[in-house]
Each structure stands twice: as structure tokens, then as C-alpha cells.
Amino acid sequence: MGTKTTVMSVQEKREYYLKKVYMVLPVISLSLLLLLWINVSKSSAFPSPKDTWDRLIMLFQKPIKGLNIFGHVWASLVRIFIALAFNWTFGIAFGILIGWNKTCKALFTPLFNAFRAVPPLAWIPLITLWLGTGEFPKILIVIFGSIASIVVNTQAGMSNVEKLYLDVGTIFNASASQKLFQIAIPSALDAIFAGIRTSTSAAWMVVLAAEMLGAKSGVGFLITRGMDSIDMPLVLMSMIAIGIVGALLAIITQFAERLLCPWTKKSN
Amino acid sequence: MSMDKKIKLKLENISHSFVVNNEVQDAVSDVSIDVYDNEFLVILGPGRCGKSVLLNIIGGLEKPISGNLYLDGEKLQGSDKRISMVFQKLALMPWKTVMGNVEFGPQLAGVDKETRRKTAQKYIDLVGLTGFEKAYPNQLSGGMKQRVGIARAYANNPEILLMDEPFGQLDAQTRYAMEEEIQRIWQTEKRTIIFVTNNIEEAVYLGDRIILLSECPATVKQIYDVNLPRPRDTIHPEFLRIRKEVSENTDLAL
Numbered sequence: 001m002g003t004k005t006t007v008m009s010v011q012e013k014r015e016y017y018l019k020k021v022y023m024v025l026p027v028i029s030l031s032l033l034l035l036l037w038i039n040v041s042k043s044s045a046f047p048s049p050k051d052t053w054d055r056l057i058m059l060f061q062k063p064i065k066g067l068n069i070f071g072h073v074w075a076s077l078v079r080i081f082i083a084l085a086f087n088w089t090f091g092i093a094f095g096i097l098i099g100w101n102k103t104c105k106a107l108f109t110p111l112f113n114a115f116r117a118v119p120p121l122a123w124i125p126l127i128t129l130w131l132g133t134g135e136f137p138k139i140l141i142v143i144f145g146s147i148a149s150i151v152v153n154t155q156a157g158m159s160n161v162e163k164l165y166l167d168v169g170t171i172f173n174a175s176a177s178q179k180l181f182q183i184a185i186p187s188a189l190d191a192i193f194a195g196i197r198t199s200t201s202a203a204w205m206v207v208l209a210a211e212m213l214g215a216k217s218g219v220g221f222l223i224t225r226g227m228d229s230i231d232m233p234l235v236l237m238s239m240i241a242i243g244i245v246g247a248l249l250a251i252i253t254q255f256a257e258r259l260l261c262p263w264t265k266k267s268n
Numbered sequence: 001m002s003m004d005k006k007i008k009l010k011l012e013n014i015s016h017s018f019v020v021n022n023e024v025q026d027a028v029s030d031v032s033i034d035v036y037d038n039e040f041l042v043i044l045g046p047g048r049c050g051k052s053v054l055l056n057i058i059g060g061l062e063k064p065i066s067g068n069l070y071l072d073g074e075k076l077q078g079s080d081k082r083i084s085m086v087f088q089k090l091a092l093m094p095w096k097t098v099m100g101n102v103e104f105g106p107q108l109a110g111v112d113k114e115t116r117r118k119t120a121q122k123y124i125d126l127v128g129l130t131g132f133e134k135a136y137p138n139q140l141s142g143g144m145k146q147r148v149g150i151a152r153a154y155a156n157n158p159e160i161l162l163m164d165e166p167f168g169q170l171d172a173q174t175r176y177a178m179e180e181e182i183q184r185i186w187q188t189e190k191r192t193i194i195f196v197t198n199n200i201e202e203a204v205y206l207g208d209r210i211i212l213l214s215e216c217p218a219t220v221k222q223i224y225d226v227n228l229p230r231p232r233d234t235i236h237p238e239f240l241r242i243r244k245e246v247s248e249n250t251d252l253a254l
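Protein sequences, first through last, are from chains A and B.
Under the numbering used here, the first residue of the first sequence is numbered 1, with each subsequent residue one higher.
Under the numbering used here, the first residue of the second sequence is numbered 1, with each subsequent residue one higher.
Worth double-checking, as some hints may not be accurate.
Below, a list of computed lysine-lysine pairs in the DSS-like style, where the Cα atoms sit at most 25 Å apart [unchecked claim]:
#  : chain 1 : residue 1 : chain 2 : residue 2
1  : B       : Lys89     : A       : Lys13
2  : A       : Lys102    : B       : Lys118
3  : B       : Lys118    : B       : Lys75
4  : A       : Lys163    : B       : Lys118
5  : A       : Lys105    : B       : Lys134
6  : B       : Lys96     : B       : Lys63
7  : A       : Lys179    : B       : Lys5
8  : B       : Lys81     : A       : Lys179
9  : B       : Lys244    : A       : Lys179
10 : B       : Lys118    : B       : Lys81
11 : B       : Lys10     : A       : Lys179
Because the hints were derived from the structure by calculation, they are not lab data.
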């Protein structure tokens, strides 16, 4: 028995146990939170985990506006998907334009900076007064609230294209459009994806704010309904749903990035 | 001997300068060089001055302040399809696989997929990267990355290959291996190579001729013919003699 193999196995054992510990740690923090929650609810009016769960089940038996929790989450998601489809098309195109073309940059940057300094919440009164409380104004608020991050990230990626890559294009006699589409845009893809991720989470936050003002469906509407009818379990349940869906969206966009930009993950 | 060789590329009175901190700094001053067909020409120079600038001018990445370039007797304007380059800093596209990088030149030129894949595969095989076609650059070692750079330059089917200190960032051992490799590749696929380096031993090991440049601004200081059989023996008395001669004539870099 060589000492070296014994040492190795001790280290391997350590790593094995550490891996297990890392898997257990989130469970511990979650259980602690649950414990705290139970305790707080025992000594105050705060709804207990059981109340919240029961409220969820009740929503299935007695839907609000004909929708259970999945229906309302879906209603919110549809709004952000429409807004994001617009943002990912026009936001990326606009970001490429001001990141690549100096004239366009000079022309639009001051305007854009002023626009993105106005928070989405500040748009709500204006848009509501102007366009009412229908479906379109809500989507417009989400667009305004999440377009900045995709534009900013795309622009940053496009104005930081490695000069060396463009030199390769020059050596190979690439045309201006080949340099844009085959060198600059691909090299900015990871920055663009960072924009896609942040705009998705921004859109998810803004849609809830938009729905809290006069909607007939969506998770934001559920929260307002809970507040109006002094239904704390409903409010809490909706908030938990928001958290879970938000986390899922983050995981999905990250997964999409790995799938579409496989070179960003390092093998060693 | 060199009298009856065909002149491939002619540099005529090339001068170039930059403005650094509101001061004009001459980088290249009145350089004239004849480059012969299929020769391995090494441009050796101290420090950072002039060598890469000269190569960038030949590649069309920079326009000289004065002077002309002639390829096969015909005046060059900007970058030319017949000239390709291996970069010191690799400049591989991280979003492209080895195959994607190597076929990039022909792809830009509009060569159809089947043909360019075949060409790319030939040079991937030549540089010894068979089996790594689908790997991304960040999965490769430094030496392997530079092999991709060499294959990419070859795949564009150039008549002249420019190499800007291609092994400058490699560790000593990999560097020796790559010097042997580039010699083998050049002997298999004869092209005119213009190779820039600041390493005297590398210059004597690789060059048919060595053009020694002076310190800033770069001028042609001396031209050496190296008539040693290949692969060269780095401890052969003649090798050592040339090495010493070049070394004593080289300006000290600051």
C-alpha cells in the first residue's frame, strides 16, 4: 500500500463529502426559512405555510376570473413574451446600429440615455391616461421597462469588437457587410445574450407592476385582488409564484445561451 | 545565385510614421526589400519598432506614408487575396470551431461548402490537427491554437504568407517544436513566407535570408544569406558563426 494512493483517496473522500454538503446546504437554508415562517405565523396574523398552500388549492377549486394559478402565470408570461419578442428584434437591431455606426451613435445616444433614465413605473400614469388599461398599454409598459438593458448590452458588445478579428477580415478581403455579419455580430453574441437575460428578468418585474393597475388577469392582478379583499394568503402565494417563475426564466435563458453559444463554456 | 531568382514581392522606399502624444514618431524609414518566389524570408529586428508595421503594410492593414509595393510587378493597393497572415496574438474566432476558423477565408470569398471543407481539411491534416475539427479554440493549447492560425492562413490559398512573431507567446519547448513544424509545412507546401521575429536563433534556424533591421526607425541594416542544409543543426559551427555575426550586428533594444 503506497502512501500516495492513501493520500489521494483521503482527498477524494473529502471532495465527495464536500459535494454532498453543498447539495444539502440549500435544503438547510430553505428549511430554516420555513421554520422561521411557521414561528412568525404562530404569533401574529401572518399566514402560515399551510394557509398559503390551502389558498393555492382553493384557487384551483374556485378560480378568480375563471383562471387558476397556472392561468394567471400564463397570462403574465404571454405579455412579457410579446414585449420581449419586440425588444429582442428592435432592441438588438437598435443596439447594433448605435454600437457599430458612429453617426447613429452620436445621433441617438443622448436621446436614449434620457429615455432610459425614466423608470418604468413613471411611464404607467402617462400610458394609462393616454391609452387606457387594455392589453396593449400593459405590453407597452413592459417594452419600455425592459428594452434598455438589451440595447445597452448589444451596443457595448458591438463597440468593443476586438480589432484583431476585424484585421483577419481585412486580410481575407471581407466586405463591410461580411465584417458586420460574420465577425462583429458573432463576436458580440455573448454580450447580446447577457442583454437577453437581464431584459427577461426586467420584463418579468415590470409586467407585475403593470398588472397591479387595472388588469383582469396575471399574477400582478392576483396580488392587487388579494390586497383589496384583505386576503393575505393569496398575496403571499402570488409572491411565491412570482419568485419561482422568475427563477425558472433565469434558468431557461441560461440554458438557451449554453445551447446557442457553446464556445462560452470552457472544457478545462 | 540570388540574381536569377524571380522577384515575387518588391518593397520600394517604404516609410511610415505614427503620431504618439502629438509627436511624429518614425517607425519605418525608406525600406526597400526584394522578396523572392518561394523563399523563407526572415525579418529580424530588435524591440517593438518597425517589424510588425512593415508586415501590416504588406498585408494591407496599414497604408504607408510613402513608398510602393509590387506583387508580381503589379502595384498593390490595400489588402490582396494572394497575401495571407498568421497573427502573433492568434486572432482565432472563439465562436468558431477549428474547422470554422480554417474555412473562414474561403467562406468569405464565397467558395461553396464542399470545396472549402475539403481545402480546410487538407490543411488541418497538414498542421497535425486531425480529429480536432469540432473543437473550439478555448479547448486547445497554445501550440495547437497557432497551428489553427497557420492552417487558416494556408486555406485561403495565398502566394505569400506573412507571419508576425507567430511563436512569440509560446513556451520555449513548444516554440522549438513549432519552428520544426513550420519548416516541414513550408517544405511540403512551398509558398513565399515572410516571417518576423526578434529571436536571432529562430531567424538563423528558419531563414533562407535574414533581413536585419535597425532600431527605431527601422531601416535595412544588413542582409544575410543562410546557405545551410535543412533541418539545421543549431550547434553546427557555421550556424553558430552566423548567429554570432548577426548577434554582434544587432542594435540593443531598449
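Hints versus structure:
Between the alpha carbons of Lys89/B and Lys13/A the distance comes to roughly 42 Å, so the proposed pair goes past 25 Å and is violated. In summary, the hint linking Lys102/A to Lys118/B is not supported, as the alpha carbons are separated by about 40 Å, beyond the 25 Å threshold. This hinted pair does not check out: Lys118/B and Lys75/B have alpha carbons roughly 32 Å apart, beyond 25 Å. Among the hinted pairs, Lys163/A with Lys118/B is inconsistent with the structure: their alpha-carbon atoms are about 29 Å apart, more than 25 Å.
Pair hint Lys105/A plus Lys134/B does not hold up; C-alpha atoms about 38 Å apart against a cutoff of 25 Å. This hinted pair does not check out: Lys96/B and Lys63/B have alpha carbons roughly 30 Å apart, beyond 25 Å. Pair hint Lys179/A plus Lys5/B does not hold up; C-alpha atoms about 38 Å apart against a cutoff of 25 Å. Restraint check for Lys81/B and Lys179/A: the C-alpha separation of about 16 Å stays at or below 25 Å, so the hint holds.
Between Lys244/B and Lys179/A, the direct Cα distance comes to roughly 46 Å. Violation of the 25 Å bound is thereby established for this hinted pair. Annotation: proposed proximity of Lys118/B to Lys81/B holds, straight-line Cα distance about 19 Å (limit 25 Å). Taking the CA atoms of Lys10/B and Lys179/A, the gap is near 29 Å; set against the 25 Å cutoff, the hint is violated.
Taken one by one, the earlier hints fail for this structure at numbers 1, 2, 3, 4, 5, 6, 7, 9 and 11, listed in ascending order.
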